[in-house]
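Spelled out from the first residue to the last, the chains are:
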Amino acid sequence: MSLDHDSMVDRLSSSNSPKSDSKSRAQEQLEKWTQKKQELMLSQNREYMESLFKQNATKPIKIGPIQVINSQGFRDSFIEAQIDPLTQTNLVTLGTFFSKLDQVSSNWKNSGAVENMFIQLQDSKEIRRPQPFFRSGRQTGGDGTGRAGSTIISPIIHLAPVKRFYAKTGTNVGNGEGDGYIQFQLKNLFGGAENLTFDATTGTKTQSSYLLNYTQPIWNNTNLRMENVFYMNTRNLDWLKCEATVRGHTIKVSHQSLQNRSVNLDFSIENCWRTVSNSQSRALDVMLQSGNDFKSSALFNWKYDTRDNAHLPMKGHMVRIGLEYSGLIPSVSSYKFFKSVWEQQHSFKVSDVHSVILTNKAGVISPLGGSLSTTHILDRFYIGGPNDVRSFLLNGLGPKSFNSSIGGDLFVNGGVSLVSKIPRLDPESNFKIHNFFNFGKLIPMEKSDHYLSTLKSLSQVSASYGFGILYNHPMARFELNFVLPLITHDRDYVRKGIQYGIGVSFL
Amino acid sequence: MEVPQALRQVFDSFPLKTYPSITASTSSQLEVLEARKFYFTSSSKTTSLAKSSSIILGINNVVEYRDIILPSDPVSLSQCLIICHKNGLKLPLATRKGITDENASNCLMTLSHQAAPDSQLPILIEDNKKNDGGEPIRSLIPSYSIVNSNKKDLSDSSDILINDMMDTKLIDLWLTCLMVDPNVNPPVLSKIFTLESFPSVTSSLSGLYISALLQDIPRWRSYEIRHSNLFRNSKLKDTITSVVRKSDNSALQAFYIHQLSEVRDLLELISDYVLESDCMILKMKLTGFLLSVDLILYDTELGKIIKQCSYLEKAYSNI
Numbered sequence: 001m002s003l004d005h006d007s008m009v010d011r012l013s014s015s016n017s018p019k020s021d022s023k024s025r026a027q028e029q030l031e032k033w034t035q036k037k038q039e040l041m042l043s044q045n046r047e048y049m050e051s052l053f054k055q056n057a058t059k060p061i062k063i064g065p066i067q068v069i070n071s072q073g074f075r076d077s078f079i080e081a082q083i084d085p086l087t088q089t090n091l092v093t094l095g096t097f098f099s100k101l102d103q104v105s106s107n108w109k110n111s112g113a114v115e116n117m118f119i120q121l122q123d124s125k126e127i128r129r130p131q132p133f134f135r136s137g138r139q140t141g142g143d144g145t146g147r148a149g150s151t152i153i154s155p156i157i158h159l160a161p162v163k164r165f166y167a168k169t170g171t172n173v174g175n176g177e178g179d180g181y182i183q184f185q186l187k188n189l190f191g192g193a194e195n196l197t198f199d200a201t202t203g204t205k206t207q208s209s210y211l212l213n214y215t216q217p218i219w220n221n222t223n224l225r226m227e228n229v230f231y232m233n234t235r236n237l238d239w240l241k242c243e244a245t246v247r248g249h250t251i252k253v254s255h256q257s258l259q260n261r262s263v264n265l266d267f268s269i270e271n272c273w274r275t276v277s278n279s280q281s282r283a284l285d286v287m288l289q290s291g292n293d294f295k296s297s298a299l300f301n302w303k304y305d306t307r308d309n310a311h312l313p314m315k316g317h318m319v320r321i322g323l324e325y326s327g328l329i330p331s332v333s334s335y336k337f338f339k340s341v342w343e344q345q346h347s348f349k350v351s352d353v354h355s356v357i358l359t360n361k362a363g364v365i366s367p368l369g370g371s372l373s374t375t376h377i378l379d380r381f382y383i384g385g386p387n388d389v390r391s392f393l394l395n396g397l398g399p400k401s402f403n404s405s406i407g408g409d410l411f412v413n414g415g416v417s418l419v420s421k422i423p424r425l426d427p428e429s430n431f432k433i434h435n436f437f438n439f440g441k442l443i444p445m446e447k448s449d450h451y452l453s454t455l456k457s458l459s460q461v462s463a464s465y466g467f468g469i470l471y472n473h474p475m476a477r478f479e480l481n482f483v484l485p486l487i488t489h490d491r492d493y494v495r496k497g498i499q500y501g502i503g504v505s506f507l
Numbered sequence: 001m002e003v004p005q006a007l008r009q010v011f012d013s014f015p016l017k018t019y020p021s022i023t024a025s026t027s028s029q030l031e032v033l034e035a036r037k038f039y040f041t042s043s044s045k046t047t048s049l050a051k052s053s054s055i056i057l058g059i060n061n062v063v064e065y066r067d068i069i070l071p072s073d074p075v076s077l078s079q080c081l082i083i084c085h086k087n088g089l090k091l092p093l094a095t096r097k098g099i100t101d102e103n104a105s106n107c108l109m110t111l112s113h114q115a116a117p118d119s120q121l122p123i124l125i126e127d128n129k130k131n132d133g134g135e136p137i138r139s140l141i142p143s144y145s146i147v148n149s150n151k152k153d154l155s156d157s158s159d160i161l162i163n164d165m166m167d168t169k170l171i172d173l174w175l176t177c178l179m180v181d182p183n184v185n186p187p188v189l190s191k192i193f194t195l196e197s198f199p200s201v202t203s204s205l206s207g208l209y210i211s212a213l214l215q216d217i218p219r220w221r222s223y224e225i226r227h228s229n230l231f232r233n234s235k236l237k238d239t240i241t242s243v244v245r246k247s248d249n250s251a252l253q254a255f256y257i258h259q260l261s262e263v264r265d266l267l268e269l270i271s272d273y274v275l276e277s278d279c280m281i282l283k284m285k286l287t288g289f290l291l292s293v294d295l296i297l298y299d300t301e302l303g304k305i306i307k308q309c310s311y312l313e314k315a316y317s318n319i
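As they're listed, the protein sequences go chains H and Y. Just so we're aligned: 448 in UniProt numbering is position 448 of the first sequence, and the numbers increase by one with no gaps anywhere. Just so we're aligned: 50 in UniProt numbering is position 50 of the second sequence, and the numbers increase by one with no gaps anywhere.
Source of the hints: derived by calculation from the structure; they are not laboratory data. Treat the hints with care, as some may be off.
As the list claims (entries may be wrong) - Distance ranges between label pairs, derived from CB positions: (1) Y/ASN183 with H/LEU211: 33 to 43 Å; (2) Y/GLU34 with H/MET232: 27 to 37 Å; (3) Y/LYS314 with H/SER453: 54 to 64 Å; (4) Y/LYS314 with H/LEU211: 54 to 64 Å; (5) Y/SER53 with H/SER453: 29 to 39 Å.
As the structure is a prediction and not an experimental result, all values here were calculated from the model. Heads up, the beta-carbon is just placed ideally off N, CA and C, and yes, glycines get one too.
Start from the sequences and build out the full structure, keeping to the hints where you can.
Given below as structure tokens:
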């Protein structure tokens, strides 16, 4: 645990000082103007530098020896791979040089092995005792200029590596629920941004959860990562009135495009052994599927995300396509299916005060095999809840059997939210008010039905309207809403009046 | 503070429109359900069950004997026979003949033991249909309640004593046999429990399922609590033991040998009593125990003793 001593002293001193409390209006105004002046100077400086760089964008640059400071914790091969853009060629234009620096910076930041970094550029003449770890292709003249009269610049990369070992323990209590957790992290294990994480949680909702996660870049490429997760968890599924224990292993390879940082794709293979134990459900679906089954599936996800904030976007777009094929090992897979999910979110400002968020999700799961094939209750879709279709309880929409939400094979849901700044509050405040309209429908899919009739049955959606206040914390979004169901189905679990939600993803 | 009437009326008017409920099951789900059901057939005495109610007896698995479907474990078989006797029903037929509209809702259904809230079968699922045609009122009667309900029909103290002996001594012996007897192998366990529903029963994964099952068995009928001296090992050791299966559980093995030495006399005592008694509950319980052991566990030490029981022939004639 670390205490930020300086800030604590600042807080104490500021709270004890009568002067600071009795700052005159004029002083406050002066401080404001001084701050504005500094900001203006900074922006002018930036603009000047940018125009200078633009003017000299085609100026030839020779890349001199590259130094990496604080690199003791990294393997040579890993460092070489990160600074590779700078070592490919030594004669470049100034514009290309800066884009290469950006790539190097992005490589290090993506690795997650450095807390902070900055790159210092030095004219070769200034280097008194050059200590080149890595030297670019060709030697240059000792006078600081290349033979063709180009400037020689030596980048010095300063790294602030992350803490190699990190442990955290704590408890969460609230809403009649509680849990305790312990987490260990070993970072940069073998000097190539390899991380090992162990998580253990026990609580009322999640009875127990153990997770061991090993991640590493593939071929020292921090944009291409491999993740190995071993897990075992037991959860109470209140909407099904049963308990599920899952033990398994997932191997995942994720890639972030170098050209377009907004595009992510990942491929994973999941093998798990699942046990469903009935707690109180009287639904035959739950009773029939209680017991053990083995799932072996391949998953693919493609995501395009340009949103400025994932929890509460004010501008940008997000599109995700997810595909899953279960039945990779046919001899052991109990339930074979193909599942696909579509998700999109578009947000834009309509004025200085208001912005609109449009969200839509849809998914279908289709059992593979003979006529006696069906989908498992743990694989089906569930919709409804304070983070989903509001004004309904968690997973409160769709098919029900004896008060258990047994999930569906096909769903569509969406929402329109108008997020507005609160009058008389700082425009940058994380508190906002919002009005929303949500809709959704979840149905079981009849194999024999024509797709048109299936689509038609999706038309009569449940819908709701509400308004409320939200707080966008960097870790999660908090909402307190007044909600009203407009259209419902019999046996939908409706919430009318006040509803609150906490989460990272909302409709 | 009271909410103004007008505001309350506006609030209560939501939702503005309500559609009928969404269908819960598809035809393929119903087919899967039907494949697990074995309907009782009716006899001339089928009168007891009201038309508005139906029963499903959730059991571990079924075994076929001369075209008759029988539950695979002694408790389920005994209770199935008692239900049939009380309600004038006949045991399900493998040919699925004799199913009429009246009894088409009364059946046996194979389930995993984890389908029951207390993780032990049988479980009785009773549906009482509503007049409005909506979802019936369903109640789940767990295994211990079903077994205890038999006592209500016993008035004689000797009958109660014999009934308790069967419920504890004989069923404990059956449970020990499952845990300890070397001839209770995966194929035998798959006959008793619904492991066949998993395509992996023949693969190496069946070992995982069976080890999980063997960890649950001691909890049934409070066996572990009543014989806590047999389970003093650490949890970790228990787990390892159950994975390698019955390799070094000397206390349980000694208990099994002790139970086997007693069971011959015990069975003779119970058989003699039941033969002389006119109590149907006792007759059905003994029949259920003897048949389930003789039909599935015939290769075990317990099965060899049962073969010599004087009541075995009578038990077969009872069904």
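- request: Return holds or violated for the Cβ distance of Y/SER53 and H/SER453 against the range 29 to 39 Å.
  value: holds (35 Å)
- prompt: Is the distance from the Cβ of Y/GLU34 to the Cβ of H/MET232 consistent with 27 to 37 Å?
  reply: holds (35 Å)
H/LEU211 and Y/ASN183 - C-beta distance against the hinted 33 to 43 Å: This hint holds: roughly 41 Å between Cβ atoms.
query: Could one say that the CB atoms of Y/LYS314 and H/LEU211 fall in the range 54 to 64 Å?
result: holds (58 Å)
- prompt: Does the Cβ pair Y/LYS314, H/SER453 satisfy 54 to 64 Å?
  reply: This hint holds: roughly 59 Å between Cβ atoms.
Hint compliance for this structure: every hint is met.
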